[in-house]
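A.B. asks: Chains as they are written, first to last, in my numbering: chain A, 1 to 299; chain B, 1 to 299; chain C, 1 to 299; chain Y, 1 to 299; chain S, 1 to 299; chain W, 1 to 299.
Note that these hints are calculated values from the structure, not bench results. On a predicted model such as this, the values are computed, not experimentally measured, just so you know. Cβ coordinates follow ideal geometry from the N, Cα and C atoms, glycine included. There is no bait here: all hints are sound.
Restraint-style ranges between C-beta atoms, simulated for each label pair:
id, chain 1, residue 1, chain 2, residue 2, range
1, S, Arg266, B, Pro46, 34 to 44 Å
2, W, Ala214, C, Ser293, 51 to 61 Å
3, C, Asn232, Y, Arg266, 29 to 39 Å
4, A, Ala247, S, Ala247, 20 to 30 Å
5, A, Thr49, C, Ala240, 42 to 52 Å
6, B, Ala272, Y, Gly48, 38 to 48 Å
7, W, Asp60, S, Ala269, 20 to 30 Å
8, C, Ala237, B, Asp60, 56 to 66 Å
9, S, Asp235, W, Asp60, 25 to 35 Å
Some chain S residues well away from chain Y (every beta-carbon gap over 10 Å; in silico):
id, residue
10, Arg91
11, Thr139
12, Ala187
13, Ala195
14, His200
15, Glu212
16, Glu219
17, Ser234
18, Arg239
19, Ala247
20, Ala269
21, Asp297
Calculated pairs, EDC-like style, for lysine to aspartate or glutamate (alpha carbon to alpha carbon, straight line, at most 20 Å):
id, chain 1, residue 1, chain 2, residue 2
22, A, Lys206, B, Glu42
23, A, Lys148, B, Glu32
24, W, Lys180, S, Glu295
25, W, Lys148, W, Asp181
26, B, Lys58, A, Asp181
27, S, Lys206, S, Glu219
28, W, Lys58, W, Asp297
Protein chains: 6
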Amino acid sequence: MPSMPDTAAARTSAVAFDPIFDVELARRALAEDVGRGDLTTEATIPAGTRAQGRILAKADGVVAGLPMAALVFRLMDPDARISLIAHDGERVSRGQTLATLEGDARALLTAERTALNFLGRLSGIATLAARCAAATAGTRARVVDTRKTTPGLRTLEKYAVRMGGAANHRAGLDDGILIKDNHIAAAGSLGAAVARARAHASHLIKVEVECERAAQVDEALEAGADVILLDNMSDDAMRAAVALIRARDPRVVIEASGNIGADPERLAAVAATGVDLISLGALTHSAPVFDVSLEFDAR
Amino acid sequence: MPSMPDTAAARTSAVAFDPIFDVELARRALAEDVGRGDLTTEATIPAGTRAQGRILAKADGVVAGLPMAALVFRLMDPDARISLIAHDGERVSRGQTLATLEGDARALLTAERTALNFLGRLSGIATLAARCAAATAGTRARVVDTRKTTPGLRTLEKYAVRMGGAANHRAGLDDGILIKDNHIAAAGSLGAAVARARAHASHLIKVEVECERAAQVDEALEAGADVILLDNMSDDAMRAAVALIRARDPRVVIEASGNIGADPERLAAVAATGVDLISLGALTHSAPVFDVSLEFDAR
Amino acid sequence: MPSMPDTAAARTSAVAFDPIFDVELARRALAEDVGRGDLTTEATIPAGTRAQGRILAKADGVVAGLPMAALVFRLMDPDARISLIAHDGERVSRGQTLATLEGDARALLTAERTALNFLGRLSGIATLAARCAAATAGTRARVVDTRKTTPGLRTLEKYAVRMGGAANHRAGLDDGILIKDNHIAAAGSLGAAVARARAHASHLIKVEVECERAAQVDEALEAGADVILLDNMSDDAMRAAVALIRARDPRVVIEASGNIGADPERLAAVAATGVDLISLGALTHSAPVFDVSLEFDAR
Amino acid sequence: MPSMPDTAAARTSAVAFDPIFDVELARRALAEDVGRGDLTTEATIPAGTRAQGRILAKADGVVAGLPMAALVFRLMDPDARISLIAHDGERVSRGQTLATLEGDARALLTAERTALNFLGRLSGIATLAARCAAATAGTRARVVDTRKTTPGLRTLEKYAVRMGGAANHRAGLDDGILIKDNHIAAAGSLGAAVARARAHASHLIKVEVECERAAQVDEALEAGADVILLDNMSDDAMRAAVALIRARDPRVVIEASGNIGADPERLAAVAATGVDLISLGALTHSAPVFDVSLEFDAR
Amino acid sequence: MPSMPDTAAARTSAVAFDPIFDVELARRALAEDVGRGDLTTEATIPAGTRAQGRILAKADGVVAGLPMAALVFRLMDPDARISLIAHDGERVSRGQTLATLEGDARALLTAERTALNFLGRLSGIATLAARCAAATAGTRARVVDTRKTTPGLRTLEKYAVRMGGAANHRAGLDDGILIKDNHIAAAGSLGAAVARARAHASHLIKVEVECERAAQVDEALEAGADVILLDNMSDDAMRAAVALIRARDPRVVIEASGNIGADPERLAAVAATGVDLISLGALTHSAPVFDVSLEFDAR
Amino acid sequence: MPSMPDTAAARTSAVAFDPIFDVELARRALAEDVGRGDLTTEATIPAGTRAQGRILAKADGVVAGLPMAALVFRLMDPDARISLIAHDGERVSRGQTLATLEGDARALLTAERTALNFLGRLSGIATLAARCAAATAGTRARVVDTRKTTPGLRTLEKYAVRMGGAANHRAGLDDGILIKDNHIAAAGSLGAAVARARAHASHLIKVEVECERAAQVDEALEAGADVILLDNMSDDAMRAAVALIRARDPRVVIEASGNIGADPERLAAVAATGVDLISLGALTHSAPVFDVSLEFDAR
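Using the sequences and the hints, build the whole thing.
C.D. replies: In structure tokens:
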């Protein structure tokens, strides 16, 4: 029964800077729920009462967000003992214990909902991501997310996508060049847009171009795009585009996008066209919650 | 074609304090997506370019979050002209224009995803809330939300629930007393928990108690609970509990909860038991996104 | 000589989230006083000097705010040993030791004024609240505070009121419905205002209405108000209103308000009218400071 | 009928940086009172309702904090028209109109309590400061404040002291050297403490030393103190010390301190000893609120 | 009774989100300098005094940071009229007017030092960057910056580098892969490190490897590095490495780094080796300030 | 070889308030560099890898900023063991070990650049300050800094100046009165400006006046200035002014300023004129970085 090593414990309860498990985000979430105080708990639980309990999975899936849940509990009780029984990215079953907790009863009860809200949402994303990734297993296609994330939770949600076994597209507008129709229109032509992007971008960034028609694919290759996004094409059109691109430059990465959805059969069909990446907004904008609960031991 | 009056315009783009459409939340969301700058737009769109476009519904539903979307656009371009064609709480159809925009092309493109992420998520919640509320129409039962909301978005999501025609349960732990099993266990008995809550609470707060069995309902009535939550009961058990409560004290409010789900038939059946409230976590934790897009006019 | 248990010590010196003893408020207060550094202490006290001392009451009264003072000292010296000899809510006498301190001399001297400013103000409120509460002892009337608090210190001041033995009215505008004359005027009538409030409010919130005349009390009862505030009435008028209300609905809570002041005789007279609550702005807006000092031991 | 000039108006409602009328302080104060929304106002006042009213003095005194009150109203309604009829530092009478307001009814009602809380507290301080300053009029003694201020309101409270006609002592620990007994003890002797302070301080800062006995005054003069604080001395002892200091160095500034209190007769007696400054903690830690109200015009 | 005019525009644009000219950074800088108030200006300049003046270059160079300086002035006086005569990236001469100002005299004087501190530092960087870029003109080598920037000013300093005509390397650790010796050691071998980076990185990111010896260059090419950094090599060694790389894969980008310094002759020599990029920490960590001043017109 | 004790280590990385080594500044600096995560380190260094290394001086100079560097490392790894071998203010030699580190390899690598950026910049300032201070050794003239500091780093840079052995001028506009030409013009005359400053300033503040001509020196003495700044005068003019001032009032402090620069010979010449202070903007606005590096031990 592995527990979080002491080091990790100290870190989460302190002010350690962490770009993913952000202590300020956890504090804001707690403040949002606790407000001026937990009226019910203060009224009914005597100060100093201890409690122990466990976080349980109420469904099968892939768990993500356990360190964030632990951070929330530790913000209410820095001395709480939290042992992670499962770990982010692990496949878990209904009824399985994900973590055990021991600490101040008031603090744990007050933190419960906020901690579970993080855990349920992130595990929901990881579980959907795992299902989608499985649908393309054995092909060269990787499922990737989009920027259609929950405002304020981008970093956590993209982490949950990775925990589910899918991959990340851009983290933000500063994290890669992706030229879409409006950029092309403003630049005058696809070629002009790519040229401007090359001149502007750092030498470490690749240039991706969204294409809706075969003619655009041609123009993109001509302009030297590093990545080509096939948007809203039929499977046949995609297959043809892939063939064309592979023939012209095998280093070019090919992404499929546009109303593909999280349906396994559809994903397998798109993967079969030979693309490298399939991007899915649904991973983050429509994943149903993964049900988790906190059960306290009878005293 | 009604537009937001000047007053509203000035307020949303300024530093006006608003507990719902929070400017700091909008700034954090923009910062999260824009990071160090929108590389693609800076490279391809000449500074000073103007653009106009419209936000379109891509499905039928109930819209919510238009002022938040407008706030996001105005944070990037305080001089953008934004006319809301639809209004929060309105039922809209696929293809319908929700708002028109005119402003700096770079700013609008950079803000697009963040604005739509708010609008899609909140409209998704409003649409689901409207569907659930419709299922109990004609009964005394109101559909209400829970505290199972997205961390950081509680106030906006509860607003979206209201826009969909459902109602709100507690905004947070400081906003009402709701005694659950752990509180009862710590207090020694249901009666003791209610007594402590009465002594602790302000005179403006009611006391609600969660009951899983008929015996608890009895004890709750005895203890003087103002609201009784029937948790995870069968429809027959609920019907019996409702009869008992109404007979004893017609002022007591009755809530049904526990794995009811957003299914219209199930909601109608629960409503038929005679309860006053049906609480649904799904309204906020599992509402699928409502699809919206921003179309720019050809230049 | 009881000391704060280790757990509490660790919590106050860490980033623990606490809606009452807010670490950010303590940091802002320290920053406000320390500015760019304590010039005198840095110049005259050698680095590494140790000090021990005690916080003394300089008057008789009720203490409140010791954990906040401890938090301030710990923000300057996380390793300081602070033992609370008295506890919040306790009646103390002039000359009594409230806490002992041992730690870095520079840190303790730099933190002294900020810590005592919190302690003196909150103990001043608790002391006044205790005096007012005593004046109504033996009656059904509870003394309650108002929203006339110091900007930025609402939560702490309302905590001090409780420590003094009085009770809290609304924590804020979102914490209960209280309909006043302007709301009635805008709604058209008292009855219309109550009806709108009922429809708008959560099922956990009661509706209170301010009445200045007997006719309004009647209208309020008719409209189904849960709580009636008798504003600026003579004692005779209050007595008559109480009789009327009790006859009509014994569950209705009655509050007296308006220029009552913190005078014990006046409070007793109002309590004798039979009201349930007497609200006093003076508890928080005009409580004189409670004198405390920090004495360092001779070295 | 003078109003705030356009420039000032624009500045207070915008994000203009102002070290006294701090927009973040105003926002925190509003957030503290409004919480998740003004339930009563939202329920009873229709959106778009306009209101006009006036802020009235309910007592005689000196007003301070009108720009802060205006800032609070403008944070809720940036388009509110606010005309200041009185100005900070002005003596006003019971019943006098201090400002007129016209704006969104919901916004003004929601902001009312927060705005008045600032105005009442600051005017209370200004009024007390004016009374104390008047008590020493005609002498060389100036009444000054201390660092015994409300946590979070230091800058505003010291501003109110100035508006009342008294003066400010140190703004914080970084704003001047003031050597007290603990510093002397740690440095070994008063002379050593002064010498260290001189070596450490910038050339723009004077060195003040607290003396409790005549011998210390001697030592302070010897050490070259710029300012001497006579702490807790009898009037006779003060008179003697003043004579000694004036004889030795007429440039040295003399301050009296210690349990003097805000009593006019006592202040006059201390001023008669010939000191330059009399510091009073009561100005900021025990000033009773100045009563103000907001009256809306009948519609 | 005057109302707020067009200043609404100034107001709203003040809060605009901008990843480069960050309003919070400007506020913190002002707060740092102004502290509790500009004592000299408040004492000597009557309220309401108007002033006009101009910002002058006191040396020849390339200007950068004018919008940041304007933002600082506007935070003190939102109604100040600021006309930029020069523009960022422009070469200016000693004595040339960069901008004219007209506004509240107190506000402009208080903001002066903070505004000029930004402008002088950023123009210093732009001027040095321009000198370095000129040294490699006519070659394929671009001068780029590093992450050796001033804490807190990364985005502004990298902007100034661009304004000077040089280019940017990584904006941060999340903005590209750059494998150095410690990463190689931990991964076991250069090839293993590149393989892990490929598997971990998004499809839009290139992989760069730092090589100190020819053997490493070979290994890097073998491993499929997109960019090769030649660190601390002699010119001859660089020339040889360039030849090798070009022969093996003309798409690979080559960067030179390590103690090259901002000396034009040295830069020309390095450029002559045929590399694509020369990175210089000195651009941001050692650029001397560019002298600017604010002259007010005589009144 | 003294090291920071473990306890203190753990705590300094926590929330301790420190006006110089500000944890929020350190967090912002880390966030600026790390962004959404250190891609290279995450990809190549296995989680849990340990590392040890040392910070080395790469040049001769005076070190400053080691506690800030330690704070940065501890924010990434609160359990890192950091032993400071050198101490701020110490003269160090090229190759000397300044500190040893042991901790989580990922954390130390990720923090490296941010920590070194603080250390290099502050040591650069301390080194230049030491060189300038040495140039006036044996004279009564102290070298002081100015307000020409890096926005956001004022407190740290002024600390580095002290560590180098030079002294500080004003910390900000609230920290002393310094009357310049624009203040004189607005006040009408130098004498009027001094009189207003005296009336406005606290009794602990001295009044300094900038003089460009002998006639102004005369006027300043007449007006009772405490400090006279000789701006942009020739050495002969300064000598004459010093003689005049010393004759009139030996207590008046004399400062020289204006394009003096960090040249030792020039500083010695100015010191020889007999002034008390020489202020140098170059100390903070143009100090070249001090080269430091972090070497990890081979594993």
